[in-house]
Amino acid sequence: MSEHYPALLVILPLLASFFISAAGWLRPVYCFPLAVAALGSSLLVSLGVLGDVISGGPVSYWMGGWPPPWGIYYRVDYLNALVLAVVSAVGFVNLIAARPSVEKDFPEKAGPFYTLYVLFVTGLLGMVATGDAFNLYVLLEIAAITGYALIALGKGRAALSSLHYVFLGTIGACFYLLGVGYLYIITGSLNMEDIARLLPPLYDSKVVTVAFAILMVGVWLKMGFFPLHAWLPNAYTYAPSPVSSLVAPLMTKVMVYVMIRMVLTVFTVDFAFLVLRLNEVVVWLAVIAIVMGSLLALAEKDVKRMLTFIVVAEVGYMVGGFWLGNQAGFTGAVLHILNDALMTLCLFLAVGNIVHVKGDSRWESLPGLFRTMPWTMGALVVGALSIIGVPPTCGFFSKWYLLLGAIQGGHYGFLLALLFSSLVSVVLFFRIFEIGFFEPFGASHGSAHGEGGPAIQEAPLGMLVPLWMTALGLILVGLYTGEIVGRVIRHAVPGMML
Amino acid sequence: MDDFFLGCSLFLGGLVMLSLYRGIFGPTVLDRMIGVNAIGTKTTVLLIFIGLLYHRLEMFVDIALAYALLNFIAVLAAARYLQKRKGLYERTY
Amino acid sequence: MLVSLGVVPILISSRNANVREAWTFGAAGLKFLIILSMLPTVLEGRELVCTVVEVLPGVALRLRVDALGMLFALVASSLWIITSAYSIGYMRGLDEHSQTRYFCFFALALSATIGAAFSANLFTLYLFYEMLSFATYPLVTHHQDAEARRSGRKYLLYIVGTSIGLVLPAMVISYHLSGTLEFSGQGFLPRSTSPILLGVLLFMFLFGFAKAAIMPLHAWLPAAMVAPTPVSALLHAVAVVKVGVFSILRILTGVFGLDLLASLHLGTAVAYVAAFTIIVASLIALTQNEMKRLLAFSTIGQLSYIVLGAALLSPKGLMGGMVHIAMHAFGKITLFFCAGAIYVATGKKYISEMVGIGKRMPVTMAAFFIGALSIIGIPPGGGFLSKWYLVLGALQADQFPLLLVILVSSLLNAAYFIPIVYRAFFVGSQETNFPDTVSEAPIFCVAPLALTALISLALFFYPQPFLDLAQLAVQALLGETGK
Amino acid sequence: MIWQLDLLILTLVVFCGIGAIMIRDLLGAAILFGAYSFMMCLLWAIMGAVDVAFTEASVGAGVSTVFFIAAVYHTTRRTKD
Amino acid sequence: MKTLGLIIVGLVGAVLVSATVNFPPFGDPESPASLHVSPRYLEKTLEETAVPNAVTSVLADYRGFDTMFETTVIFCAGVACFLLLRVPRRRLPRPRQYRHRLTGLTFRIKEGGEVFLPLREFEPVDSIWTPHDFIIEKVCRYLIPFIQLFGLYVIAHGHHSPGGGFQGGVILGASIILLSVSHSLRTALKRMGEKISALFSPVGVFIFAGTGVLCLGLGYRFLDYQALATLLPVGPIMARSYGILLVEVGVGMAVMGTMVWIFKNLASRGRYDEGL
Amino acid sequence: MEEFLSLIIEKYNYWIYITLMMIGLYAMIAKNNLVKKIVGMNIFQTAVILFYVSTGVKKGATIPIIEHGHDVAHQAVRAADYINPLPHVLMLTAIVVSVATLGVALAIAIKVYHRYLSLEEDEILEQIRGL
Amino acid sequence: MKKDAAPQPKLELPHYQEGKKSGSVYGATFILMMGVWILLSGKFDPFHLALGVLSSALVSYFSADLLFSGPLTGRTIRTFFGFLGYLPWLLYQILLSALHVLYLSFHPRMMELIDPQVLRFRSRLKSDLAQVTFANSITLTPGTITIYVNFHRDFSVHAIDRFSGEGLPGEMERRIARAFGEE
Amino acid sequence: MVIDLIVIFCLAVGLIFFAGGTLGLLRFPDFYSRLHPAGKLDTMGSFLILLGSAIHQLFPLTLSTVLSGLKLMLIVVFVFLASPTATHAIVDAGFRAGLEPWKKGDPRR
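Protein chains in written order, with my numbering: chain R, 4 to 501; chain C, 2 to 94; chain V, 7 to 489; chain Z, 1294 to 1374; chain H, 82 to 357; chain S, 2 to 132; chain B, 36 to 218; chain D, 295 to 403.
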């Protein structure tokens, strides 16, 4: 069975989604258990693949039994095995946390909700696992369409933001498709490795350059890289909280993965770094992204919205780290995909809990939260520390590698931007903590034993457990960074960067 | 014979262009509907011509048939819109 | 060994005040015992090393017990016990809120301090340093009012800002240069590094560890005095600031190495920065009216003694600096305790209001007097010893201007402490501000401060453990390089 | 591939597209969008992509225009541009 | 916004134009796109899958995995529209209108009013009055069965002529849409209820994916229709052909169900009582 | 000049696809009305499809349905005789995707309209600001 | 609220009836569909024929009542043939009037020639189908368009000029009545 | 060759009808009158052209060609059914929407 893992990874949740959809009509009670079973099994399979890859090197799978340039094939190597595990883990954990708020906000639509949820994760998993450029597009659209719908489910401006997301997402996807088309027209192949094999003699051609450019623009649009981030904050802010804690950690990260995959496997590092010499430019763009993301986050008075701008900044981390073009930077970028997914998940889950209880995540609803929701806020603190980059949370280690990469590459602008954004995140989060901690001013000061205060009013246990799982995961991943880097990421580093 | 078909199809193409005038500039929505409906009929015929030019008519007949069957769904829907909403003009700014 | 990190978050679970405090005592005592149990080993000149986890190649979470760390840990953990007792008195006396949180973070902060003391490499040090920063934040802002908030902000801005903005890049650069972060006797930075880069790095570290309150970055310390007094006492006399200074000591010795510094004359530069801080801080302290602020500026000055001692790069100076960690800790904590006790008993914070208080609270003010003596460096106080070594060190390093600085600042110290004592005791009873009802603070407050005062005195007469440890540390540093 | 027809229809497609964008009436735009998809269908047929043409024919004629009209029915025809 | 749009459009256009100059000549049979991968599809489709329509064989077999997800995309869209628009029935009571079948009199029941009418004689009508145009109704009645038959024909003959599951499915869906447009949404709902159309799409995609899983269960790779040869009394090549047909049927079902589903949601704004 | 003209004529498909793409892109960026934007989005997608189908064209070839049967003798199929089927397959998928996107986008547009009673973006934003 | 709606069996209006399903309807639909299938398919191997049977059965199951609104009788078949007989005449009429409209639209002074008018008349055709046929025949004949047919079989017809409209209802109605056996 | 002539004749006449229809569509003064040429002449034209094509491709007279010829005629049937209905739907919509027919002497619309 183990040789079918790459296929099962995608197929299991896909099949389950049909059953969930049917169950939504026939027996709505079964929707949630089915979804849990689907994503749980998918998580197990992805861990299995990871194990296989660690022990035996990259795995590939021919769909339909056709050999690669003709058929579609899935290829799991060191890079995407890790991302696969992250995606399925985040999907799984968040699913468990989603239940209470789904039951509270739209109980009658649980069936379709879980269907789309599982399909979204399926799409992302497929995107990560596939070795075919066009297949990636189709899966991208699955993830996108489910994403649009899930985001539009929110209240307030959600629908409008989601519509904007539809437009920009479509532009991004079409640019991606067009880029693949450009590659197809000069190589005649859609298979990533096949394209990479055919491309080198064509490096001079303008077509390759333009293909590269539009592919990158498309992918950047999808990931919300700074000047193209316009859709991201609104979409993630107004989405229902279980959705934003699903989409925000995963979508951008997977798109970063796609970018890395494109540069690494399709265009090859030689082309991107030696022929085009784009790295300086892109790293500077990333610097701008980081700085602007941080600054814009400063202006926000809503925790969720602030987090979305942090996501924008974090995208800059990853893009910049990758484009530094050295081993440390690459390691940092890949590690940051993992870490940032977990960090963002932790933060968004915590905010989701606040929204669940308070109905809102603006600053007005924060005062006194440390007293009423100590567990949630505790996890929020852990997540915040990780974003800031405090050891031993995992955020520190990826930042460490990124900084190291910046120094190795002699790119001090990037270094400064990283430090700047860390400082800004300190300010950002401690503002929140201050509000949660201090306000209302001295309300309980001097009361009998100090334990009187307002009663604890926590989110349900079903939301707290995943939250704390994530928070502890942050520290665990931080402590096992060495293992992860040594066993997995090290092997994914392309030869040229070594 | 092929040249004749080609000429015919080009002629039809020209007619499509003329109908399109009505489609784009028609003063009311109804005029647009007529224009587009006319284009639809011509398209059916053009598909047949293309089939003739490819010498694979039997492959194109299906498309034309689908077209003939489905063409008027859109027209019906638009007409129904007008019947239900009553009014050719909605105030535009 | 690992138990020393056994943070005691069990506290959180205990709702009952007495059980909670019992836990606190238990944990503190346990920790002290563990540290004490390691003392013989260290005194034999051996080191205990424990790698928790190797996070990255060359970057491990590793603990190592050596003489310097032992010295510091000993001071910190012994004071924890005392402070716990004092806190109980203080907190109950003022009926503070959120005591569970308070004790919890207190324990956390102490653990971080011990961790920092025992850290074997820069990474571990940084980890515990940050942990300490964040653990003390709730303590600093314990009062949860606007002022606490403001100073909390300032505190974080300075401490975290510098550590992320300066230490982190400096650390990465060091790693980049040498591929490791392990402290070693002669520093791990390669000798071939360009002097300019080294200089920049040094100052990044020096100012990065803003907890040491080197002059331009000292402002957080007076601001942080809004915290409850035990916090100010323990954390700002012992844990936080000492961790900063301790880190700088580590950096100077473990990262750069003394001979590297000496060869580049970087030590002198550091020494002058420290000297500047000493003088200016003492002068500012003269102008202060609020007791705790005065103590804070005094602390700033005293801390720089330690930096100065290390920067002298001479064995005696180094030793003096190390011993001063202990001496100053005991002396200053006494002073803080006194300030707290006065506040608990009378509610007064300003020096000008304390006229005649010696009559009402004789024990407290006597202890205050002893602490002041120790800080100034007058013989019955333990501070004399460390200053003595510092002076010797300055002589050894042929740095007469610095010698002068030490002496002048001692005079200044005297100038701001003696008037307080004078006013407390030697004024007529008609001038006193206090009604007869005022008497000593609760026993939990007074006992600890008496104890620390006594220890402070005792250290003058029996400083052997600390001196031994300092000796060992210096030997470890210089012994190898001396060959 | 019949290039003469190809050129003609391509030009028409552009006109249709511009028209669909410019018309100040959403129902009109929806209808013209239908015409646009007729043209596209012809284009695919001309280029020999029969399956694509078939899809476009069925989708454009049967489904997507109706979707548009349904959406316009539930919203408004009014548009400022 | 307009100038910004123009600038962006100009930039992108310039970039694309600059690349187009370097494209291989248009319509060149020797271009890389025509030489590398596709010849095999054309030359081997008859031998390997017994399907003369290369598009179908590539769509459903060589790149069948893509198509499975393509169908899933449609399914997603259906679920998405439902999720976004559907209003639960219990929020509904609002004015209703009934027409007496024999006299054509229409009357209106106010909001919240409850009345039980003999339903054989009264039919509910839309709140916006629409003429009862029996010409359109009658003609559409005659057309719809033919459209449906044609749709099925298209699905079944995807191997030999253009067409296939998707096109056929759309045509089938269009027939129901036509019913709705010509009669009323209610008629269409009576013929194909919400539940049925909503179940059609997952079942359809499930047929596709299930075929793949069946192959997997039979010890072959996912979607390797050769596996069907162990179940059917045919050789592996014909098994591929039948597998493709099976898959096309699944696609057709899914597309039909989803198209109708989306239309119903859009046309009635999720209320399922009346609409376009 | 002649070269230029022949370039235009030869790659007419490509120029038109760029034009359409720009029309769609412009509509998506600059138009104010949401449904107009959706129309633009579809035009944009169609432009990409046009590009793909254009890549598959072979001059002098016929549609990619292999001629076979009893009257045509069984002979090796020459790939050059048939138009490249691969782009068609890909574009079938793309069309399906565009229909799906269209459906979802329209559903969202309806939702937007019923919240703000307008499809004009500036009016909606004004309302949001006013709230 | 409730109206007294006594059913009036005399006023039977067939087009308001839901289709009734009976075996003969299914059978007829099936046969019709199978014929169309063979026409469409053009393949006579058993596999495709089986598919055809399946599809026809499906369609007749789902939509037989759409095609035949009542049970199949001999009259239906007669009507069918009558309708076939009517078609050639209709085609001829269409051709004639098409030429007329063609003349109009090519005429340089077209605006002077045309004179649109709306004619109203009441048809005597009874059955639904006959009315539909009549209306569509009118529309198919260029120059005249059925605008609407109301409940009482009142036809409104738009004619492009006097010539086009003058023949209505006239012979066309007669022929349809004959074809549908309503004479 | 005779058949070719017939085909050419059919096609040419069909095209003339189409041309007339389009011209009428452009020239007639109002919506109702435009429907006459557009809806109906096109129907006639497509009938003739499809007939011509059916005859043309009938040449190698085999079963399949006959069938596809019949299919073409099927298209004609559907067009004849659908076209008037569509026309009727449009005109009905216009009439109910309240569009007044053009009378002689009115300005063009």
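Since the hints were made in silico from the structure, they are not lab data.
Among the clues, some could well be false.
Derived EDC-like pairs (lysine to aspartate or glutamate); straight-line CA-CA distance at most 16 Å [to be verified]: (1) H:LYS83 - H:GLU128; (2) S:LYS12 - H:ASP109; (3) B:LYS78 - C:ASP4; (4) V:LYS354 - V:ASP265; (5) C:LYS85 - H:ASP207; (6) D:LYS397 - B:ASP150; (7) R:LYS361 - R:GLU283; (8) S:LYS60 - S:ASP82; (9) Z:LYS1373 - S:GLU121; (10) S:LYS60 - H:GLU204; (11) R:LYS107 - R:ASP363; (12) S:LYS60 - S:GLU124; (13) H:LYS83 - S:ASP82; (14) Z:LYS1373 - S:GLU124; (15) D:LYS398 - B:ASP150; (16) H:LYS276 - R:GLU111; (17) B:LYS161 - B:ASP189; (18) D:LYS397 - B:ASP196; (19) H:LYS276 - H:ASP354; (20) C:LYS85 - H:ASP354; (21) B:LYS161 - B:ASP196; (22) H:LYS125 - S:ASP82; (23) H:LYS125 - S:GLU68; (24) D:LYS397 - B:GLU147; (25) H:LYS271 - B:ASP100; (26) H:LYS83 - Z:ASP1374; (27) D:LYS398 - B:GLU147; (28) H:LYS271 - H:GLU204; (29) R:LYS304 - R:GLU367; (30) S:LYS60 - H:GLU111; (31) D:LYS398 - B:ASP196; (32) H:LYS191 - H:ASP207.
Cβ pair distances, simulated, as ranges [as the list claims (entries may be wrong)]: (33) D:MET367 - R:LYS209: 51 to 57 Å; (34) H:GLU111 - S:GLN128: 57 to 63 Å; (35) H:GLY91 - R:LYS209: 17 to 23 Å; (36) S:GLU124 - B:LEU93: 46 to 52 Å; (37) H:GLY91 - S:GLN128: 28 to 34 Å; (38) R:PRO463 - S:GLU124: 38 to 44 Å.
Ideal placement from N, C-alpha and C gives every residue a C-beta, glycine not left out.
Quiz item: Within 16 Å, alpha carbon to alpha carbon, are H:LYS83 and H:GLU128?
Solution: Judged against 16 Å, a Cα distance of about 55 Å means the pair is violated.
Exercise. Below or equal to 16 Å on CA atoms is what counts here, so check R:LYS304 against R:GLU367.
Key: Cα-Cα ~9 Å, so holds.
Quiz item: Given the hint that V:LYS354 pairs with V:ASP265, does the C-alpha gap stay at or below 16 Å?
Solution: violated (50 Å)
Exercise. Would you check the hint for R:LYS107 and R:ASP363, treating anything up to 16 Å between C-alpha atoms as holding?
Key: The hint holds at about 14 Å.
Quiz prompt | Pairwise hint evaluation, B:GLU147 against D:LYS398, where the allowed Cα distance is 16 Å at most | solution = holds (8 Å)
Practice problem: Below or equal to 16 Å on CA atoms is what counts here, so check H:LYS271 against B:ASP100. | Solution: Judged against 16 Å, a Cα distance of about 13 Å means the pair holds.
Quiz item: CA of H:LYS125 to CA of S:ASP82, is that 16 Å or under?
Solution: holds (14 Å)
Practice problem: Given the hint that B:LYS161 pairs with B:ASP196, test it: the Cα-Cα distance must not exceed 16 Å. | Solution: violated (28 Å)
Practice problem: Compare the distance between the alpha carbons of C:LYS85 and H:ASP207 with 16 Å, and conclude whether the hinted pair is satisfied. | Solution: holds (10 Å)
Quiz item: Hey, Z:LYS1373 versus S:GLU121, does the alpha-carbon distance stay inside 16 Å?
Solution: Holds: Z:LYS1373 and S:GLU121 sit about 7 Å apart, inside 16 Å.
Quiz item: Are D:MET367 and R:LYS209 spaced within 51 to 57 Å by their CB atoms?
Solution: Between D:MET367 and R:LYS209, where Cβ atoms are some 52 Å apart, the hint holds.
Quiz item: Going straight from one Cα to the other, do H:LYS191 and H:ASP207 come out at no more than 16 Å?
Solution: holds (14 Å)
The structure does not agree with the numbered hints 1, 3, 4, 7, 10, 12, 13 and 21 stated previously, though it agrees with the rest.
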